[in-house]
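Peer 1: These are the residues of each chain, in order.
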Amino acid sequence: MNVPSDLLFTKDHEWALISGDEAKVGITEYAQHELGDIVYIELPVVGDPVSKGDSIGTIEAVKTVADIYSPLSGEIIEINEALKDAAELVNKDPYGEGWIARIKISDPSETKSMLTSEEYSKLIG
Amino acid sequence: MHTIPNTPEVEKELLDAIGVQRFEDLLVDIPKTFLEKCRIHLPEPLSELEASRHLQNLANQNRNTEGTVSFLGGGAYDHFIPAVVDFLIGRSEFYTAYTPYQAEVSQGTLQSIYEYQSLTCHLMDMEVANASMYDGATALAEAAIMSCGITKKDKVLVSPLINPGTMKVLKTYLPNRNIEVILLPEKNGQTDFSTLPELIDEQIAAVLVQSPNFLGSIEDLTGISGKIHEKNAMFVLFVDPISLGILKSPGGWGADIAVSEGQPLGIHQSFGGPYLGVFSAKKALVRNMPGRIVGQTVDVDGKRGYVLVLQTREQHIRREKATSNICSNQGLMALAAAIYLSLMGKTGLKQAATLCLNNSHYLAEKISSLKGFSLPYGNVPFFKEFVVETPVSPKEIITAGLAENFFAGIDLGNYREDWKGHLLMAVTEKRTRKEIEFFVKFLSKF
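Chains as they are written, first to last, in our numbering: chain A, 21 to 145; chain B, 8 to 453.
With the rest of the complex left out, here is chain B (with noise of 0.2 Å):
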């Protein structure tokens, strides 16, 4: 969209060929009072200097990871991202550009959402990845509707420990598709299982399960995926793609649609976002898979070339039949995790995993020893994020934290009544053993 300023000539000229006077003439049909009201009271124009000066100040009263040591999380995590993902896609051949829609006149576009997939399809140990979606809670509503179109049936059982804010998503899609939503229920920080295959009724087109979960469980899956097939389900599993690095892969487990919230793969928290939705299955789902999908293939001289596949599926053919209204993928996100994952490897994403599950559990360890601490679900296997009960409210702490230059965690009482008194803490690779003991030190004053 351009905003072209007007001269007053052209002004005039605008106004001569409509025939009125001024351009207030055109507004006379709108009562006076709206016209009032409508007013914007602007101040008076800046300079540069004195405007982008103006805006470093409002800047500055943003508190970032930069300056402040960490221990958020509860989706999205401050890892440490190598430079080259920043200088790499910093570059305008990537940067400005759109997601292809004369897709095979940018194959450099193409190899590069190509080696996204492999990568994401090696990372989730499933066979088929789309090119991306806009992040993971969009990513775990996809999968549900994908279930329900494949089973052709309309409920979807979800782990009350999914992130709240994924939840939100959720109960937003899936009953405007008419998809009903039922809890399973939980049980000391961990979802219940127990009672699945009786929940697990003629209607239920899939369960939804995030492992760690939001209050950083590990959940135990074992034997889940042949009790949710034995009924004809889908098994949709939500993961944190670093605790890949150790934990065993949703393919492992047995998941047929496996989704992630990519920010963890080199890519900035941002205050929220743009953030990218990893979204992998089982080969045999792939033309209920929404999104985009790149194919490597060769040309008539038999030279490598990657085509957008499976295009059929998509609104462009089936408008009317679509089963997804994505037609785009986070192009410029999924190139950073590609990025990251290369650079990565599979013995630094272990590494990292490990220093995460390192460290969150020596935090951890000191907490539980601090008086009046104590982590409720401590007898819970974690990777990177933990809940712990505190001896005055968290804001309390969390407002004395920032003084000191801490995010001390997540008021988990602003989510449920019965989590009232609790925060969440977060514990990346990036945390060292200083940072540790000096929040440990801080803890302890309360």
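With the rest of the complex left out, here is chain A (with noise of 0.2 Å):
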């Protein structure tokens, strides 16, 4: 299972890539695998505060639904349009053009609670 090291993680599943006070954020591969093919993604609003643990959107696949978690405090500023069309995307390239949305960061000390990639990878050995 693919777990990119210069990623930090959360034990909901999701990543973060962070660049300065921003924060690039969305699911793992492991988590795209446990839901099967995805049909569907509600994505937040632009410009929404966001807590560490609130739900931003949810995923919706064939047999269930999955809330998505922001994995960091901060404000909405950018969502990846392309999901609303193509959710699949999130399936075939979790990592890249599948990312979720972007959001700035108001509370940096935040990432330093996430998983590394090798913590990550061991969580779902």
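Treat the hints as calculated values from the structure; they're not laboratory data.
Keep in mind that a hint or two might mislead.
[Stated by the list, open to error] Estimated spans, in silico, between C-beta atoms of each pair:
1. A/G67 x B/A104: 45 to 51 Å
2. A/K112 x B/G302: 22 to 28 Å
3. A/K31 x B/L350: 57 to 63 Å
4. B/K427 x A/P69: 49 to 55 Å
5. A/G73 x B/F87: 58 to 64 Å
[Stated by the list, open to error] Example chain B residues on the side facing chain A (calculated, C-beta under 10 Å, incomplete):
6. K290
7. R294
8. L317
9. S376
[Said to hold, decoys possible] In the BS3-like style, the derived pairs of lysine-lysine whose C-alpha atoms are separated by at most 25 Å in a straight line are:
10. B/K310 x A/K83
11. B/K238 x A/K104
12. A/K142 x A/K112
13. A/K132 x A/K44
14. A/K104 x B/K160
15. B/K290 x A/K104
16. B/K328 x A/K104
17. A/K72 x B/K328
18. A/K124 x B/K310
19. A/K83 x B/K238
The beta-carbon is built from N, C-alpha and C at its ideal position, and this holds for glycine as well.
Put the complex together from the two separate chains, hints included.
Peer 2: This is how it looks when you write it as structure tokens:
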């Protein structure tokens, strides 16, 4: 299972790519695999304030629906519009074209409580 | 639930197992005064013949549209129901089946729902419809809740001229979801939309309008959807399904959600229910739409089949996050509506609607020339229902009407102080010229 080393992770199977005070977030390869064919993604709204652990959207797969939890606190500054018409991008390329949103981080210290790729690999072992 | 009478032997066995002498011994903890009050004084038992005679006598005291010429409306109408409707829905395959839980096994039921949904979309000129809801009132309340869910706002602007019963349902459902109901102004029997742009503030999720409204008036919805959409709110329209035979459709008016009370579509008035909540919307909103949806697909062999679709929105997967509590549908009534619509077709529905229009205008015209009677909203367009100001109290006319086999109308004073002295009259395609003329003759005596 692909777990890129430049990303941080949560126990709820989200990833974050930190650059400066911004984070790009999505769900992991493991999460998309567990969900199966994703048919629809409800995205957050740009400008929405979010707290770590808040639901910022939902992922609808053929047989289930899961929440997407924000790995960090801050403000939604961009959403992946492409997912509106092509939710399957999350299945195909969860760390690339299947990213979900960009967040302006309000509390950088929160990144410390996220998991490293090694810790996350162990979790999904 | 089964109620199985116990034989004395069985009762004794049960009491022995518990370790008491008599059933009453189980009630010793309840103070005697309460037990005394609970005693039910039932009459002596009746034979089957006696019981059915007794019930028949009670039923005979009811008045219905079989033996009485009805000008009653206000949400439930005396439309013609082709015999085929009752015959088909009475078949046990349909009549005894509940909304399917093991859905895909019930292909026939699913197909009938799919047909109902398709007919609803055609009728409303909307893109998606659900498998139906309990009645028009709850459908409108669900539409308001859905609008708030989509827009993430918590107030709705409502026409004061929607059916008062529907308004009660809105005021029951919505405040309990922390949604505020704000009324639009009215003018001369119609909703006053002149201040609409100012009234739609940041927190308005939707504007709810009924047309024809409770007083029968057709609302002028020109330009309304644009004004609502400009403020990122939803336009929710409640219509009379029969009126769509000749009036502009909700889709044509730019409505985002269109709902209706489906009773006029082949469903008996039955003293108030069961009725049918018709619910349709724009396709983009389908994931927020409450209720079940049936879709058509093909199986592994390429054969046509029907399935429940978009189930993930529903209660049984997202229980705690469900936006609606409806997991059911009004299957038998939806089937009646589907049969009715397919029997009537475009031409038949147009004919029924045209007859309603002509008959009601004929009666209105006759009444307006009667001494003492007037039509307060006579200059406002109406479809099959209108308001009459009466020279004597409406109650007096209603009571006298019953004696001459007429349901003369609804006493509007029951709903609002400023509507006292007014009757609401509805005229469907069933009323003959003769009936209308006899009724006018009856009214001329006041």
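Peer 1: Next, verify each hint and record whether it holds.
Peer 2: Results for each hint:
1. Restraint check, A/G67 to B/A104: a C-beta distance of roughly 49 Å satisfies the suggested window 45 to 51 Å.
2. For the hinted restraint 22 to 28 Å between A/K112 and B/G302, the CB-CB distance of approximately 25 Å keeps it satisfied.
3. In this structure the hint that A/K31 and B/L350 lie 57 to 63 Å apart at CB holds, the actual value being about 59 Å.
4. Range check, B/K427 to A/P69: about 53 Å between beta-carbon atoms, so the 49 to 55 Å window is met.
5. Take A/G73 and B/F87: their Cβ atoms lie about 59 Å apart, and the range 58 to 64 Å holds.
6. At a threshold of 10 Å, the smallest CB-CB gap from B/K290 to chain A is about 13 Å, leaving the interface hint violated.
7. Against a cut-off of 10 Å between C-beta atoms, the interface hint on B/R294 holds, since the closest Cβ of chain A lies about 6 Å away.
8. Restraint check, B/L317 versus chain A: the minimum CB separation of about 8 Å is within 10 Å; hint holds.
9. Below 10 Å, beta-carbon pairs count as interface contacts, and B/S376 has none with chain A, the closest being about 60 Å; its hint is therefore violated.
10. Under the criterion of a C-alpha separation no larger than 25 Å, the hint pairing B/K310 with A/K83 is consistent with the structure, at around 23 Å.
11. Among the hinted pairs, B/K238 with A/K104 is consistent with the structure: their alpha-carbon atoms are about 23 Å apart, no more than 25 Å.
12. For the suggested pair A/K142 and A/K112, the alpha carbons sit about 23 Å apart, so the restraint of at most 25 Å is met.
13. Distance check on the hinted pair: A/K132 and A/K44 sit about 16 Å apart at the alpha-carbon level, within 25 Å; holds.
14. Among the hinted pairs, A/K104 with B/K160 is consistent with the structure: their alpha-carbon atoms are about 22 Å apart, no more than 25 Å.
15. Our distance criterion of 25 Å between C-alpha atoms is met by B/K290 and A/K104, whose separation comes to about 14 Å.
16. The straight-line distance between the Cα atoms of B/K328 and A/K104 is roughly 21 Å, inside the 25 Å bound, and the hint therefore holds.
17. Of the pairs offered as hints, the one joining A/K72 and B/K328 holds, with about 19 Å between alpha carbons and a cut-off of 25 Å not exceeded.
18. Distance restraint check for A/K124 and B/K310: the Cα-Cα separation of roughly 51 Å exceeds the 25 Å cut-off, and the hinted pair is therefore not satisfied.
19. About 36 Å separates the Cα atoms of A/K83 and B/K238, which puts this hinted pair outside 25 Å; it is violated.
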